[in-house]
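Using the sequences and the accompanying hints, generate a full structural model.
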Amino acid sequence: MIRKIHTLEITKNIKEMCIEANYYLSADMKDAIQQASQKETTTLGKNVMQQLQKNLIIAADEKIPICQDTGMAVVFLDIGQGVHIQGDSLENAINEGIRRGYEEGYLRKSIVHDPLIRKNTKDNTPAVIHSKIVAGNTLKITVAPKGFGSENISRIFMLKPSDGKEGVIKSVLQTIQDAGANACPPIVVGIGIGGTFEKCAIMAKEALLRNLKEHSDIPYIAEMEQDLLEQINCLGIGPGGLGGNTTALAVNINTYPTHIAGLPVGINICCHVNRHVTRIL
Amino acid sequence: MIKINAPINKEELKKLRAGDSILISGIIYTARDAAHQRMAESLKKKERLPFDVQNQLIYYMGPSPSKPGQIIGSAGPTTASRMDTYTPDLLDLGLGGMIGKGKRSSEVIHSIIKNASVYFAATGGAGALLSKCILSSDIIAYEDLGTEAIRKLEVKDLPVVVAIDFMGNHLYGNALPGTNCTSL
Ligand code: SF4
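Protein sequences, first through last, are from chains F and D.
Going by my numbering, the first sequence runs without a break in its numbering and finishes at 281.
Going by my numbering, the second sequence runs without a break in its numbering and finishes at 1184.
Derived from the structure by calculation, the hints contain no laboratory data.
Check the hints yourself; a few may be wrong.
To be clear about the criterion: a stretch of chain D counts as covered by chain F if any three or more of its residues have a C-beta under 8 Å from a C-beta of chain F, and this derived list gives those stretches [stated by the list, open to error]:
1. 1078 to 1091
2. 1134 to 1142
Some residues of chain F that are not near chain D, with every Cβ distance over 12 Å (derived) [said to hold, decoys possible]:
3. Ile-2
4. Gln-34
5. Gly-80
6. Lys-109
7. Arg-118
8. Lys-140
9. Leu-159
10. Ser-162
11. His-215
12. Tyr-220
The following residues of chain D were derived to be distant from chain F, with all beta-carbon distances above 12 Å [claimed, not checked]:
13. Glu-1011
14. Lys-1114
15. Lys-1156
Values in this document were obtained by computation on a predicted structure and should not be read as measured data.
Here a beta-carbon is modelled for each residue, glycine too, at the ideal position from N, C-alpha and C.
Shown next as structure tokens:
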């Protein structure tokens, strides 16, 4: 049976999700910040962690953005094969939702119309949209506003197969070391290993959406997530980059088959304002 | 916790050391990428800057829009290194210091030493909290730049940490390893 979904409904949901994502963090993010706060040992680091917790309470109570950088809106769609989208074009419907969400939610408009000419579009459009056609008759939408302090220091490495696991670990640690305070630590690290040049980047971004309490289904990758987290927290960058043992809250890795000649690694860093809201229509 | 007033007194500033926690009260000015670019163009054309930078603090910040009844939206720091190319000229003109997040270039550190100024770090991503320290906000230049316009802010007890002091001691990069790092 074909299910009909009107684009007006999509617009309305996207609008609400932009606002929700920018005012409230998910429960797993809040828990991770709280737990890290208790474990932090340096005085400056502890102060920063306390500020972050207070900040979340103020943002939620007063319904204001957690961070003034309310990001570029990244939208993931899982479109069920049994869904028929009616009305406007899907892309227009999404951007209209972004436009309204950023306006009505008093969110900052941070998008320029051209990467080199750089005139602000004044409504935070367009979004970056990733869509997949999947089985079923539902439409799953995720809105993830991405801040650029942490986006700017994300990296792709096209490693050689012989670089192996050690090469991956080295690349991740180097990326985070270079990022320092600019990424607004404590960070969440999303990693995509395998696929092609673009596939590893998209997997890295998707990895940021995963619940921090969940680990990879692949045992050796789950172990690598834990191992990397420990090593990152030994870098000493700390909350706000002021020193301490809370540099990352979690490391999430996604993998995909790849070519005999390559080992692509995408490392997408997100600050402690790791925003994402998912709804299923 | 040390309290200081802005604009900053150069003698007071010399008492601050990298790592000190500070509360700033008084008048500060916001400017980020686009405003710095315009100020640099003005300097090249020998025009006057929108405000006299002498002893002032520049906060690298572009707020989110204010809701009705709100003084300002969320107001946390942006990455300072993007302003590195512009900073030495402003410090040479007498700018007291900067507030932002992240490391500075060695040129900026040298200029901080040469001009006996200071660079403070505010907590990135704590924009809702930091907005509560702002008592008033007025756009004084480049209104067309929207969030990037220059704003004159009155602040009370804005929490920052001295990231680079007037002698060039810096906090970033000298971080201590975590405690459970025997494996390294
Ligand atoms: S990196 Fe994140 S926390 Fe830092 S300023 Fe950007 S959105 Fe805010």
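Quick rundown of the hints versus the structure:
Against chain F, the stretch 1078 to 1091 of chain D contributes 3 residues with a C-beta closer than 8 Å to a partner C-beta. That satisfies the three-residue criterion, and the hint holds. Against chain F, the stretch 1134 to 1142 of chain D contributes 0 residues with a C-beta closer than 8 Å to a partner C-beta. That does not satisfy the three-residue criterion, and the hint is violated. Separation of F:Ile-2 from chain D is adequate, the least Cβ-Cβ distance of about 41 Å exceeding the 12 Å criterion. No Cβ of chain D comes within 12 Å of the Cβ of F:Gln-34; the nearest lies about 15 Å off, and the non-interface call holds.
With a minimum CB-CB distance of about 35 Å to chain D, F:Gly-80 clears the 12 Å threshold, and the non-interface call stands. Its beta-carbon lying about 7 Å from the closest one in chain D, F:Lys-109 breaks the requirement of being farther than 12 Å from that chain. With 12 Å as the threshold on Cβ separation, the claim that F:Arg-118 sits away from chain D is violated: the shortest Cβ distance comes to roughly 8 Å. No Cβ of chain D approaches the Cβ of F:Lys-140 within 12 Å, the least distance being about 28 Å, so the stated non-interface status holds.
Against chain D, the non-interface label of F:Leu-159 holds: every CB pair exceeds 12 Å, the least being about 22 Å. No Cβ of chain D approaches the Cβ of F:Ser-162 within 12 Å, the least distance being about 24 Å, so the stated non-interface status holds. Every C-beta of chain D lies more than 12 Å from that of F:His-215, the closest at about 20 Å, which supports listing it as non-interface. Every C-beta of chain D lies more than 12 Å from that of F:Tyr-220, the closest at about 18 Å, which supports listing it as non-interface.
No Cβ of chain F approaches the Cβ of D:Glu-1011 within 12 Å, the least distance being about 25 Å, so the stated non-interface status holds. Distance to chain F confirms D:Lys-1114 as a non-interface residue, since its nearest Cβ pair spans about 24 Å, more than 12 Å. The claim that D:Lys-1156 is not at the interface with chain F holds, since no C-beta of that chain comes within 12 Å of its own (minimum 16 Å).
In summary, the numbered hints that this structure violates are 2, 6 and 7.
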